[in-house]
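Asker: Take a look at the letters that make up each chain.
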Amino acid sequence: MSDPIVKISGLNKWYGEFHVLRDIDLEVRKGERIVICGPSGSGKSTLIRCINALEEFQEGEIVVDGIELGPNLKHIDAVRREVGMVFQSFNLFPHLTVLDNCTLAPIWVRNIPKRDAEATAMKFLERVKIPHQANKFPGQMSGGQQQRVAIARALTMNPKVMLFDEPTSALDPEMVKEVLDTMVDLAEEGMTMLVVTHEMGFAREVANRVVFMDAGQIIEANTPNEFFASPQHARTKLFLSQILR
Amino acid sequence: MTDLASSSFVRHDLVNERPAPVKTTGFIGWARTRLFNSPTNILLTILGALLLWFTIVPSVKFLMVDAVWSGNDRTACLAENAGFAVGACWPYIQAKLPQLIYGFYPEAERWRVNLTFVLAAVLLVPMLMPRLPAKGLNAGLFFFALPVVAFFLLRGGGISGFGLSWTAGLLELFDDSIIGAGNVLLNLSKTSAIAPLLWVIGNLILLVGTAIHWLVFPLIWLRDQIQGSGQSVWADFAITTAVVSLIAFVLGGGLRTGWRALAASIATFVAIAIVIKLMGLDHGGLPIVLTNLWGGLLVTLVVSVTGIVTSLPIGIALALGRRSTIPLIRIFSIAFIEFWRGVPLITVLFFATYMLPLFLPGNFTVDGLVRALIGIALFTGAYQAENVRGGLAAIPRGQGEAAAALGLSWWKTTSLIVLPQALRHVIPNLVNSFISLFKDTSLVSIVALFDLLGSLRASFSDPKWSTPSTAFTGFAFAGIIYFIFCFGMSRYSLFVEHRLNAHRRN
Numbered sequence: 009m010s011d012p013i014v015k016i017s018g019l020n021k022w023y024g025e026f027h028v029l030r031d032i033d034l035e036v037r038k039g040e041r042i043v044i045c046g047p048s049g050s051g052k053s054t055l056i057r058c059i060n061a062l063e064e065f066q067e068g069e070i071v072v073d074g075i076e077l078g079p080n081l082k083h084i085d086a087v088r089r090e091v092g093m094v095f096q097s098f099n100l101f102p103h104l105t106v107l108d109n110c111t112l113a114p115i116w117v118r119n120i121p122k123r124d125a126e127a128t129a130m131k132f133l134e135r136v137k138i139p140h141q142a143n144k145f146p147g148q149m150s151g152g153q154q155q156r157v158a159i160a161r162a163l164t165m166n167p168k169v170m171l172f173d174e175p176t177s178a179l180d181p182e183m184v185k186e187v188l189d190t191m192v193d194l195a196e197e198g199m200t201m202l203v204v205t206h207e208m209g210f211a212r213e214v215a216n217r218v219v220f221m222d223a224g225q226i227i228e229a230n231t232p233n234e235f236f237a238s239p240q241h242a243r244t245k246l247f248l249s250q251i252l253r
Numbered sequence: 024m025t026d027l028a029s030s031s032f033v034r035h036d037l038v039n040e041r042p043a044p045v046k047t048t049g050f051i052g053w054a055r056t057r058l059f060n061s062p063t064n065i066l067l068t069i070l071g072a073l074l075l076w077f078t079i080v081p082s083v084k085f086l087m088v089d090a091v092w093s094g095n096d097r098t099a100c101l102a103e104n105a106g107f108a109v110g111a112c113w114p115y116i117q118a119k120l121p122q123l124i125y126g127f128y129p130e131a132e133r134w135r136v137n138l139t140f141v142l143a144a145v146l147l148v149p150m151l152m153p154r155l156p157a158k159g160l161n162a163g164l165f166f167f168a169l170p171v172v173a174f175f176l177l178r179g180g181g182i183s184g185f186g187l188s189w190t191a192g193l194l195e196l197f198d199d200s201i202i203g204a205g206n207v208l209l210n211l212s213k214t215s216a217i218a219p220l221l222w223v224i225g226n227l228i229l230l231v232g233t234a235i236h237w238l239v240f241p242l243i244w245l246r247d248q249i250q251g252s253g254q255s256v257w258a259d260f261a262i263t264t265a266v267v268s269l270i271a272f273v274l275g276g277g278l279r280t281g282w283r284a285l286a287a288s289i290a291t292f293v294a295i296a297i298v299i300k301l302m303g304l305d306h307g308g309l310p311i312v313l314t315n316l317w318g319g320l321l322v323t324l325v326v327s328v329t330g331i332v333t334s335l336p337i338g339i340a341l342a343l344g345r346r347s348t349i350p351l352i353r354i355f356s357i358a359f360i361e362f363w364r365g366v367p368l369i370t371v372l373f374f375a376t377y378m379l380p381l382f383l384p385g386n387f388t389v390d391g392l393v394r395a396l397i398g399i400a401l402f403t404g405a406y407q408a409e410n411v412r413g414g415l416a417a418i419p420r421g422q423g424e425a426a427a428a429l430g431l432s433w434w435k436t437t438s439l440i441v442l443p444q445a446l447r448h449v450i451p452n453l454v455n456s457f458i459s460l461f462k463d464t465s466l467v468s469i470v471a472l473f474d475l476l477g478s479l480r481a482s483f484s485d486p487k488w489s490t491p492s493t494a495f496t497g498f499a500f501a502g503i504i505y506f507i508f509c510f511g512m513s514r515y516s517l518f519v520e521h522r523l524n525a526h527r528r529n
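Chains A and B supply the protein sequences, listed in that same order.
Position one of the first sequence corresponds to residue 9 (the numbering used here), numbered consecutively onward.
Position one of the second sequence corresponds to residue 24 (the numbering used here), numbered consecutively onward.
If you are wondering where the hints come from, they were derived from the structure by calculation, not from laboratory data.
A portion of the hints provided could be inaccurate.
Partial list, computed: chain B residues near chain A (C-beta under 7 angstroms) [to be verified]:
# : residue
1 : I418
2 : G421
3 : K435
Straight-line alpha carbon distances no greater than 25 angstroms define the calculated DSS-like cross-link-like pairs of lysine-lysine that follow [as the list claims (entries may be wrong)]:
# : chain 1 : residue 1 : chain 2 : residue 2
4 : B       : K435      : A       : K144
5 : A       : K15       : A       : K38
6 : B       : K435      : A       : K168
7 : A       : K144      : B       : K158
8 : A       : K82       : B       : K158
This structure is a prediction, so every number in the text was calculated from the model and none was measured.
All residues carry an ideal CB built from backbone N, CA and C; glycine is no exception.
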């Protein structure tokens, strides 16, 4: 396999006195799909939010596509341009139409002419199967549609890595599938993905590796087959017994 | 219905959409359901009707029915001549209208005020209509070109130089004040206990001042050469145009993409040149009308429009500063806001008018109207800052995070994502402050500026029009004028709110 595109080593983070991330080491290779799961409060979201510097950390290092994250704002901007993120609560810009949501960053960050940006945005909206809604406002769409727009919005920046922070947790059960299908399509095209999710079916189908976290540390990481068939650690077994019924 | 077996149900035909039933049956149905549907409502309806009866009827009687509509002096508005108890005395307003609009602005020059009003209206009205194109150019003209043109139109006077002279003058002033400070310290060092320290610092400052003097010397020399020549304004103008256009060209991307910036810069300067030529600014301009002659609606509009236009950017800057993570900026913003909010506007106006001149250097004077303008702008800015802060607080953190995750910088996140949403949330509060500012402008009459209300009260003392109803007529008229402006702002804000919040409707 190729070189790691995300390399996390010795990562430690505290919220005040609370030690949220403890000695995290994780390497993600190009094209790899990693699913991170674990009980709530185990630091999964915090971990992937560190990768695009939405959270700062106190110890360790994160290198994304050869750029080391640190206090240097230039590096942070450079990393964010290469890393797309999809949030649990969509975070679309409610005052802009779907199309404007998708062209904002290409126009203002990459300085792409408006016409080209709109063409690219329409291409990605077609890929997530909502091109006909381009002129609606996010508030006029269902949750599943909004989340697919959010995915398209992240893709318009041509990211090398996509982060998904519980992308289906805020959705009605009926809409989970349309978002997961979009993500499966994306995975099949070879996108590098880090996904925090409780959708174990998705993990089985798509992931190269499943990472289980608890209390701010990585407890177990394995291929999905091994992970679900023969979990090693007692904590993992307990977790799996509770969510798989 | 009670049959247990019927609890299983499968719908075979889906129910089709039907129009909603007619809610009311004419006026009587409406009145019965809305006005007389309970004892409390019947009581409230009767009270409301009485209230309207006792306010609307006397007002109409005073303003229209019993009013005197024509006449040449007070005799027309006296009960014994009119033959009935006289209400409003409109000929008085007719006679005093010029004073109420222009104050003591010289009669021969009043066309300048009218022209300013027309220019402002011509630029403002299309800007307020969202359908019309070229909003950027329109806003640029209204916010930047109009104030300058209005200044030279209303006040008069010309210019003796342009960008180069102004820059040279500013630098010279700056340098002089540094050298002055150095000399003061040197003088102090002759008597002070810490003499050597003061002497060293004083000499250091003098050294810096001298260095700056030699740095800016070429500029000042050039300025003096230009001033010596016959066409000082135009020579200076040409140099400024060349320098600014060159900078625009280089910043715009040089040979590759800079041509647009260059063309825009040259077009701007050509427009400025036309204005200078038209108004004759290069040789003295229009006769000067000092601001203490301005009055009436003119002062009210100048003060309120300037206050409205300048207070919003001040408020936005302070609100962002108050949420800044940089302690110095945050503390400054909080101190500034709390200071101005803690002081009454009257105190601010008094301070600006009577005490500020005591603190400024001897030969440095600021016009009285300008002092009041600055005071009002800063005062309202502090209030607007708190309004804007309310809007900023309503924006979920996820918005900023999503923008940051896309790689947008803080400035772009703020100006493209956060502020547009925050300001939409607080349009009612912002306009509320604008309306209150518009009415608060009447306070400038206590610092010897005659706004609409001040001019009105001055006109009461005219014996030619002293009748029992003069004061009532005057205040009614002023009230109507204020109401028209404030109600207009209020309705327009509703329109903007409705339009900008399209995304919140399903």
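Asker: Tell me if the interface restraint on I418/B is satisfied: Cβ within less than 7 angstroms of some Cβ in chain A.
Answerer: This interface hint is violated because 10 angstroms lies over the 7 angstroms limit.
Asker: If you draw a straight line from the CA of K82/A to the CA of K158/B, is it 25 angstroms or shorter?
Answerer: 34 angstroms, violated
Asker: Given the hinted pair K15/A and K38/A, is their alpha-carbon gap at most 25 angstroms?
Answerer: 11 angstroms, holds
Asker: Run the distance test for K435/B versus K168/A: straight-line Cα separation, threshold 25 angstroms.
Answerer: 23 angstroms, holds
Asker: Within a Cα-Cα threshold of 25 angstroms, do K144/A and K158/B meet the stated pairing?
Answerer: 24 angstroms, holds
Asker: For the restraint on G421/B, tell me whether the closest CB of chain A is nearer than 7 angstroms.
Answerer: 4 angstroms, holds
Asker: May I ask you to test the interface hint for K435/B with respect to chain A, counting a Cβ-Cβ separation under 7 angstroms as satisfied?
Answerer: Nearest chain A Cβ about 5 angstroms off; hint holds.
Asker: Taken at face value, is the distance from the CA of K144/A to the CA of K435/B at most 25 angstroms?
Answerer: 23 angstroms, holds
In this structure, the hints that do not hold are numbers 1, 8, in rising order.
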